[in-house]
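> Listed below, chain by chain, are the residues.
2 protein chains.
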Amino acid sequence: MEVRDFRVIKSEIRVLGVDDGKFTPHTQGNVIVVGVVFRGGCWLDGVMHTEIAIDGFDATEQIASMINGSSHCKQLRLVMLNGITFGGFNVVDIKKLNLATKLPVIALTREKPDLDSIREALKNLPESEERWKMVLAAGEIFEVTCKGKRIYLELAGISLVDARKIVELTSTRSSFPEPLRVAHLIASGITP
Amino acid sequence: MEVRDFRVIKSEIRVLGVDDGKFTPHTQGNVIVVGVVFRGGCWLDGVMHTEIAIDGFDATEQIASMINGSSHCKQLRLVMLNGITFGGFNVVDIKKLNLATKLPVIALTREKPDLDSIREALKNLPESEERWKMVLAAGEIFEVTCKGKRIYLELAGISLVDARKIVELTSTRSSFPEPLRVAHLIASGITP
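Protein chains in written order, with my numbering: chain A, 1 to 192; chain B, 1 to 192.
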């Protein structure tokens, strides 16, 4: 999907923040993934969830289904992911997620993704080459400063200019966007 | 526990909002109960959870353990419950919860609790007299107006004057306090 510029970014733009719950690494089973609908950086408007396989290959598909099947879908303007790996190394292909949902996607991390370490870690998993391709498919990693702190962005279907504006707009309580801060609090707070 | 007046009510008073998730009525099993730490009516500071038995007798104990075992416990100043029945007719004894947590408790509902209907419904459950006593133990039901809408309060360890102030203070997005609005969105959003 091509990059489409936002004509206008409303202060109450509806953003979905996505994060995963706690789980025991390298086990079989599923982990919950929570989606939080936020109005800009202001308030919570809804919560949705799905499950993905730990170290599996279904994160992109399950998150897309969660979004497209939600009653909030038509109001959403953007998806923010807490990085591109969920439930261990279940990698989200952000370009496919962008295509499947028709929504721009921003994957954010506080730490710079260390591609060498990721590649090494992937070698311990089946189908490591396929996973590695999905990591690379996220494209360029942009370093930006938000409220005085560095964060790292990977983008699909959105320009860096617009992405920075929306990250700034939604980072009302910290240097990290509220939809992701709250998705993290919920996903970790509801898992054992 | 006696009623203790608040010396001062800070705008960012930490309030725990508690609500239950979705479940199939009259089945055996557990339902998730979510606690949401809110700073006044402003923003979410943490999430905790527990499980209770559908139509069981463990709601008071499980919610007290969830609160007392939480890292947020010392910062909390008040507990708000979405009514006094969770997971069907698992009744919270708000006076016992007040004693067990040393925190004032407000149970709120939008609809006036219909005691006659509750008593009738309880007859279909085992130990209905014990449940009925717990319903009555909540004491007087106060009708108050918040942002132009009627709501109903049952109180333990807090005066009506203070309870009204805190309900008004935390009702920033609707006529219902944010800790309960958000607890409801989360608990229902993470259950199937």
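Don't take each hint at face value.
Chain copies aren't distinguished; within one or between two, either way the pair holds.
Said to hold, decoys possible - Distance condition first, Cα-Cα at most 20 Å in a straight line; then the derived SDA-like pairs of lysine to any residue:
hint : residue 1 : residue 2
1    : Lys95     : Leu136
2    : Lys22     : His72
3    : Lys165    : Arg14
4    : Lys123    : Ser71
5    : Lys22     : Ser70
6    : Lys10     : Pro25
7    : Lys149    : Gly29
8    : Lys112    : Arg150
9    : Lys149    : Val8
10   : Lys95     : Asp5
11   : Lys112    : Leu76
12   : Lys133    : Ser174
13   : Lys133    : Ser175
14   : Lys10     : Leu99
15   : Lys96     : Ala137
16   : Lys10     : Gly83
17   : Lys112    : Val8
18   : Lys22     : Ser159
19   : Lys22     : Pro192
20   : Lys165    : Gly46
21   : Lys149    : Glu2
22   : Lys22     : Gly69
23   : Lys147    : Ile54
By construction, these hints were calculated from the structure, which means they are not laboratory data. Bear in mind that the values here come from a model prediction, so they are computed numbers and not experimental data.
> Determine for every hint whether it applies to the structure shown.
A quick look at each hint next to the structure:
no. : hint            : verdict
1   : Lys95 - Leu136  : within (11 Å within a copy, 57 Å between copies)
2   : Lys22 - His72   : between (25 Å within a copy, 19 Å between copies)
3   : Lys165 - Arg14  : within (14 Å within a copy, 31 Å between copies)
4   : Lys123 - Ser71  : neither (39 Å within a copy, 37 Å between copies)
5   : Lys22 - Ser70   : between (23 Å within a copy, 17 Å between copies)
6   : Lys10 - Pro25   : neither (39 Å within a copy, 42 Å between copies)
7   : Lys149 - Gly29  : neither (36 Å within a copy, 46 Å between copies)
8   : Lys112 - Arg150 : within (9 Å within a copy, 51 Å between copies)
9   : Lys149 - Val8   : neither (26 Å within a copy, 35 Å between copies)
10  : Lys95 - Asp5    : within (16 Å within a copy, 56 Å between copies)
11  : Lys112 - Leu76  : neither (27 Å within a copy, 35 Å between copies)
12  : Lys133 - Ser174 : neither (33 Å within a copy, 47 Å between copies)
13  : Lys133 - Ser175 : neither (30 Å within a copy, 50 Å between copies)
14  : Lys10 - Leu99   : neither (23 Å within a copy, 47 Å between copies)
15  : Lys96 - Ala137  : within (9 Å within a copy, 56 Å between copies)
16  : Lys10 - Gly83   : neither (24 Å within a copy, 36 Å between copies)
17  : Lys112 - Val8   : neither (30 Å within a copy, 44 Å between copies)
18  : Lys22 - Ser159  : neither (32 Å within a copy, 40 Å between copies)
19  : Lys22 - Pro192  : both (7 Å within a copy, 19 Å between copies)
20  : Lys165 - Gly46  : neither (23 Å within a copy, 27 Å between copies)
21  : Lys149 - Glu2   : neither (29 Å within a copy, 47 Å between copies)
22  : Lys22 - Gly69   : between (24 Å within a copy, 18 Å between copies)
23  : Lys147 - Ile54  : neither (34 Å within a copy, 46 Å between copies)
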